[in-house]
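Heads up: the protein sequence lines correspond to chains A and B, in order. Counting from 1155, one number per residue, gives the positions in the first sequence under the numbering used here. Counting from 404, one number per residue, gives the positions in the second sequence under the numbering used here.
It is worth saying that the hints were derived from the structure and are not from the lab. Bear in mind that the values here come from a model prediction, so they are computed numbers and not experimental data. Using N, Cα and C, we set each Cβ at its ideal position, and we do this for glycine too. Be aware that a few hints might be false.
These stretches of chain B come out as covered by chain A in the derived footprint (C-beta under 8 Å, 3 or more residues) [what the hints assert, rightly or not]:
1. 413-422
2. 440-449
3. 498-506
Label pairs and their calculated CB-CB ranges [said to hold, decoys possible]:
4. B/N493 / A/H1409: 53 to 61 Å
5. B/N493 / A/H1603: 41 to 49 Å
6. B/S467 / A/Q1709: 51 to 59 Å
7. A/S1736 / B/N493: 37 to 45 Å
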Amino acid sequence: MSPAQWDLPPELCCRPMAFVALTGLDVVYNAVHRAIWDAFCANRRADRVPISFKVLPGDHEYPKCRTKRTSYEWYIPKGILKTGWMNKHLNLVPALVVLFYELDWDEPQWKEKQSECATKVEIVRTSLQGRNTKVAVVLIQKKTPLPPGEDVMASERAAALCNACDLSGKSLFVLPHTDHLVGYIIRLENAFYEHAQTYYYTEIRRVKSHKEFLNKTTHQLLFVRHQFKTAFFSELKQDTQNALKYYRAAYSLIHELRTHETNILEIKTMAGFINYKICRLCFQHNTPLDAIAQFRKHIDLCKKKIGSAELAFEHAAWMSKQFQYFGDLFDEAIKLGLTAIQTQNPGFYYQQAAHYAQERKRLAFQLCGGPEANLGYPAPDPLETPTGILDFYGQRAWRQGHQISTCFKLVSQELIIALLSNAVAQFKKYKCPRMKSRLMVQMGEEYYHTKDYAKALKLLDYVMCDYRTERWWGLLTSILGTALRCSYLMAQVKDYVSYSMELVGRASMLREDQKSRIQKNVAKVLKNEPPEAEPDCDPSAVKAAQALWNERGSQASGEDLILEVQDSVPFVQCKARFLHPSFHLDVPVQLHVFLLTDSPHPVRFSKLCVSLSNQDYNQYCVVDSLGQAPAQEDMCLVPGRTHRYSFRFVARPEDVGKKIEITGVDLMLGSENGRCIFLNWRGGGGDAASSHEALQATRSFKRRGRLPENEVDWDTVSIQASTMIISRVPRISVQLHHEPPALNNEMYCMMVTIQSHEDIVARDLKLTAGLKPGQDANLSHTTHVTLDGSKMCDDSHRALLPDIPMGDLQPQEKPLSIRCSTTGPRIFLVHVAYTVDTCIEGRDIVCKCHKDETVTIETVVPFEVAVKFVSTKFEHLEHVFVDVPFLLMTDILSMSPWPLHLVTSELQLAPTMAAVDQPASQVEEVVLQTGESASECFCLTCPPVHHGTTGVASGQYVMSWKRKSANATIPVVNTVITLPHVAVETIPLYVHADLPSFGRVRESLPVKYHIQNRTAIVQEVEMSVEPSDAFMFSGLKQVLVVPLIDTHSVAA
Amino acid sequence: IELKFHYTVHTSLDVVEEKVSAVGKVIVDQRELYLGLLYPTEDYKVYGYVTNSKVKFVIVVDSSNTSLRDNEIRSMFRKLHNSFTDVMCNPFYNPGDPIQSKVFDSMVSSMMVQTC
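Whole structure, please, built from the sequences with the hints as guidance.
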């Protein structure tokens, strides 16, 4: 029985379409006929009526119609549905036969042609004897027909032709062979379709009419048959709603049939067919839930109908197919726009199909006593019937129960795998990653059974990490077991060892004795001996595998295998850590590697080495049996005990400021004369499970048992995979002496004192001092630093002086001058670097040390200068008058916390001002304490100004000063103060009274008034004197002063 | 057989994840903990329950068992959740470790006996 037995017949799976036969067309030799045929066949898209056309010769023999039974009384049906029936109605018995005949209305030999046509019609009729098939005639004409009714001859002759051929007028068509062929063809098609519909309608009626003759006892099968036929005809008629109804009826009838050993297969087959049709139609009607419900019902009803126990495999095969077909239907519906969901998608059906396929295989093996007992297929094939086809669907050609054991071949494994991979594709689409993994495991196992170990391994390896990251150790163990068998059977040393290590390790759920067995096998592999076979392996495969292993053993001695264990859970755990996150250059770097094994037996290793990011250090981090030769027991890992290996090395000076990282840890198992296997951990160790374990350990507050001295609790060890090398701690002191705050613009002196506390000479001392980089950019423009404090520094001096060489160091001082031209805080940096030679653990190294000091210095304004204009009588002046002397007063208020020494001051007048006398500084060499102020006073006049000028510049005032405490070499600071502008007014008349400073009683007091005309115009001035009661008055009381130009007049 | 259940439970997490993420977008607080039937297989019905702290419970029931309705399953989950909470409240229990509680075990086995 080939698996194809279960494939659904193609006539069941196709969409039934009305069958119309075309005769009288010579498509091979006649171009016109060819064109007509092509127009029928080409471009059959969805918008055209569903008809399947076939060209048949005019004298084609249609299947004979059996004589109709008049009574069913003595008729006992032998089966449900004949195998040929569907095909007969799809492809053999047409609903309509169309006769094409070339005949124009104005044919001269009309009579002859007409009778020829009638004969042809007759031939077709005869061969269709007994059928309800319609016949139609199409006249192929060369001329375009006139509109109906206009061509009298045409209508006459048409009527005559109809008569001669015994046709109704509706069955005669004209096909003018013109440009619009396709249009005519489509019209013809629609007409044919209508005829076909009627034909199928009558067929349905005919089948239904049989019903009354049937009785329930003997004709149960016929009930089903008739329902099925009705449904099928309805489908041909494109009446899918009714078809569905009839199919459902047929389905329920089929389950009313009495089942027994002999017909169970037939019932299941037919139920499967009908179920397929129902589901298909449901999907077509866009009611997927109905389809699913129907399918579930179908499965539930049929699941139990196994039949005889020996045929259970057959049942499983049938179930598998049912699921597969439903999956296909579902998938197809999705392609046509149905949306499936995560929990209801074709994948489930494919998966189930695969499950039954596996079941079938298992049952078959059971029956045959194992796959090896391959009984030959019987020579005269018992399935061969004379015709090659059985009469009824689902019946057997032989008596059941006799020859079963010889009647099957091995199920093709490809089928199961194909089903599984279908399911995988579906689950991938519907976001079921775990389901996908599971199916891939099944696929892998299936490949394992088919002995395709390489593929199996590939699949299993792919999903293993998913289970590992999700920590489903039980599942992982089972997968690893299969993978181990695969790698054993292929003698893949590397895979074999890596799976073994994981199975022995803590993630595996195997029993101790299993672990122990596997570990012994690993030991054998390390000695280059073939390992023992895994249990449950196929004995013949084991034999082949042993040969392979022996071969491997002989050819590959001393071969190194490197296993990346980072992503698995091997039986040795590793954690590496630097003791500190950073080491000073003059201290040796210390590194510990911790190893723990959880195998049942101790593990001996032959080498342990650590790789660091700077490979120069690797030589210091090796434990092996040759070199420093640690005690032999150190090379043996006792299960459950944490072993510690310490390394130390001296870092190189050029690594200062750099990170040293552990790039990997290698553990060598085996020996040079056997096989070497390196377990490689990237970084500082750890594996797929360790990070979670570490988390658990930190959460746990379980009391840890007291550990003996020198032992470490594994969980307390954390990985520290990198360390920084930092420079040696400097042993010098840097002190800064200065008197803050700095005064604006002064040369601020800072004394840097460096003192060494080193035991030996500190060489190459270098000082970098100045404004700390990284502050406001403006600060660096307004800050200048110099070593030479005797000169005022300017913009050419930088804000930071780098690397001032200072030679080898004895305690020494260095003065530093800073000039800040704006106020505000500044951070200054003093950086002292030097080198010193040291010796650590017998290695001489040159250490560079440096020390930074920073200081924040506030800059303040040293003093404030206030300027005011007063009259000669010290009255405040809003504005000054031309040529009238006035006083300029400056007030210097010291703001500095330190005494200020005013060296001198100077008034630099603008050209618009003139001094009345030689102005000399009045504050020379004055010392101001905090809060004290000094004043100066200058007498000035304002020369005449142009008319309209209101304000004039008065000039600058320069103060020269320094700190009182500053020594003589410190230059004097000149601070320039710009004097304010002053408003000037020109007055036309100037009156000046000349009064003695005092008078005596009863003595005359001479009073003199000067009246001055300051304009160029002659003015007339009238003056009157009004004496007070305290004075006696003499002289002119009222004077009229006559024209005066810029002269003085005097009165007494 | 045990392996098969492991696989069943493991694969059911796909559906749990999907359901939780779909609900999570709506309201986190008033989420129904009981997820209902996760997916039907030929032989088993798989039910899921997710606590607010995303602890997942899965119950697998034989398909032929019709005595267990949705409500019974729901109350089973409640019981399980309560018992689980008690375990978590044990100050000597370290979250993430395998549960080794006699009370929890006996509760689970009594539930199993009841349904058989």
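So, going through the hints one by one against the coordinates:
1. 413-422: holds (count 6)
2. 440-449: n = 5 at 8 Å, threshold three: holds.
3. 498-506: Since 3 is at least three, the answer is holds.
4. B/N493 / A/H1409: 53 to 61 Å: holds (56 Å)
5. B/N493 / A/H1603: 41 to 49 Å: holds (46 Å)
6. B/S467 / A/Q1709: 51 to 59 Å: Holds, since B/S467 and A/Q1709 (Cβ atoms, about 58 Å apart) stay within the stated range.
7. A/S1736 / B/N493: 37 to 45 Å: holds (42 Å)
The structure agrees with every numbered hint stated previously.
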